[in-house]
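Student: Numbering of the sequence shown is given in UniProt numbering, commencing with residue 1 and proceeding in unit increments.
Hints may contain errors.
Using 30 Å as the maximum straight-line C-alpha spacing, the simulated DSBU-like pairs for lysine-lysine come out as follows [stated by the list, open to error]:
no.	residue 1	residue 2
1	K26	K41
2	K62	K26
3	K62	K98
4	K26	K105
5	K62	K31
6	K31	K98
7	K62	K105
Label pairs and their calculated CB-CB ranges [what the hints assert, rightly or not]:
no.	residue 1	residue 2	range
8	N44	L22	17 to 25 Å
9	E97	I45	18 to 26 Å
10	Y74	H96	18 to 26 Å
11	K41	T100	41 to 49 Å
12	Q66	I35	15 to 23 Å
13	H96	Y39	26 to 34 Å
14	N19	Y49	32 to 40 Å
15	Y33	V108	14 to 22 Å
16	I95	R23	14 to 22 Å
17	N19	Y109	29 to 37 Å
18	I35	A102	27 to 35 Å
19	K98	N44	39 to 47 Å
20	Y39	K62	16 to 24 Å
21	N44	A102	43 to 51 Å
No lab work stands behind these hints: they were computed from the structure. These numbers were taken from a predicted model, which means no experiment stands behind them. For glycine and all other residues, C-beta sits at the position ideal for the given N, C-alpha and C.
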Amino acid sequence: MELLCVQLIPYDVELSQSNAELRQLKVFYHKIYKIFPTYEKIANINDQYWTLRAEVIPEEEKNLGQHDRIIHVYHFIKETAQNQGNFREPFFLVIHEKETLAEVKAQVYSYSS
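With the hints as extra help, turn the sequences into a complete structure.
Tutor: As structure tokens, then:
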């Protein structure tokens, strides 16, 4: 998955596909809070709190079957004091109708490594 941190890349970026479709995300504390529609301006976002991220939309997400779903995945550690610590980059994962939990877990681990 190609990720672009908008705040950190002030120059042109070469994508793996010239016709790649991008989505823009608002991320805070390692969770995706918003997917910006292509028509929405992001100039007024307070980047002191939010990270703006652009990423290539994988072909698999564009060609979903009738019963396929896209889920939002983020990593967390549940601490004993009822606090939750998030870490790593959140991502989207396609779940197909006939996949088992073991197959989904393997996909999550492959994205995470």
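Student: Are the Cα atoms of K62 and K98 separated by 30 Å or less?
Tutor: Judged against 30 Å, a Cα distance of about 19 Å means the pair holds.
Student: Using the C-beta atoms of N19 and Y49, is the stated range 32 to 40 Å upheld?
Tutor: Holds: the Cβ-Cβ distance is about 33 Å, inside 32 to 40 Å.
Student: For I95 and R23, compare the CB-CB distance with the range 14 to 22 Å and indicate the outcome.
Tutor: holds (18 Å)
Student: Do the beta carbons of N44 and A102 sit within 43 to 51 Å of each other?
Tutor: The hint (43 to 51 Å, Cβ to Cβ) holds, given that N44 and A102 are roughly 44 Å apart.
Student: Given a hint of 18 to 26 Å, does the C-beta separation of E97 and I45 actually sit inside it?
Tutor: violated (36 Å)
Student: Verify the CB-CB distance for Q66 and I35 against the hinted window 15 to 23 Å.
Tutor: holds (22 Å)
Student: Per the hint of 14 to 22 Å, is the separation of the Cβ atoms of Y33 and V108 within bounds?
Tutor: Holds - the Cβ-Cβ distance for Y33 and V108, about 20 Å, lies within 14 to 22 Å.
Student: Indicate whether the distance between the beta carbons of K98 and N44 respects the range 39 to 47 Å.
Tutor: Given about 44 Å between the Cβ atoms, the range holds.
Student: Keeping to a limit of 30 Å between CA atoms, is the pair of K31 and K98 held or broken?
Tutor: holds (27 Å)
Student: Could you tell me whether the CB distance from Y39 to K62 stays inside 16 to 24 Å?
Tutor: holds (19 Å)
Student: Given the proposed pairing of K62 with K105, does the C-alpha separation stay at or below 30 Å?
Tutor: holds (22 Å)
Student: Is the distance from the Cβ of H96 to the Cβ of Y39 consistent with 26 to 34 Å?
Tutor: holds (31 Å)
When the structure is compared with the earlier hints, a violation turns up for hint 9 alone.
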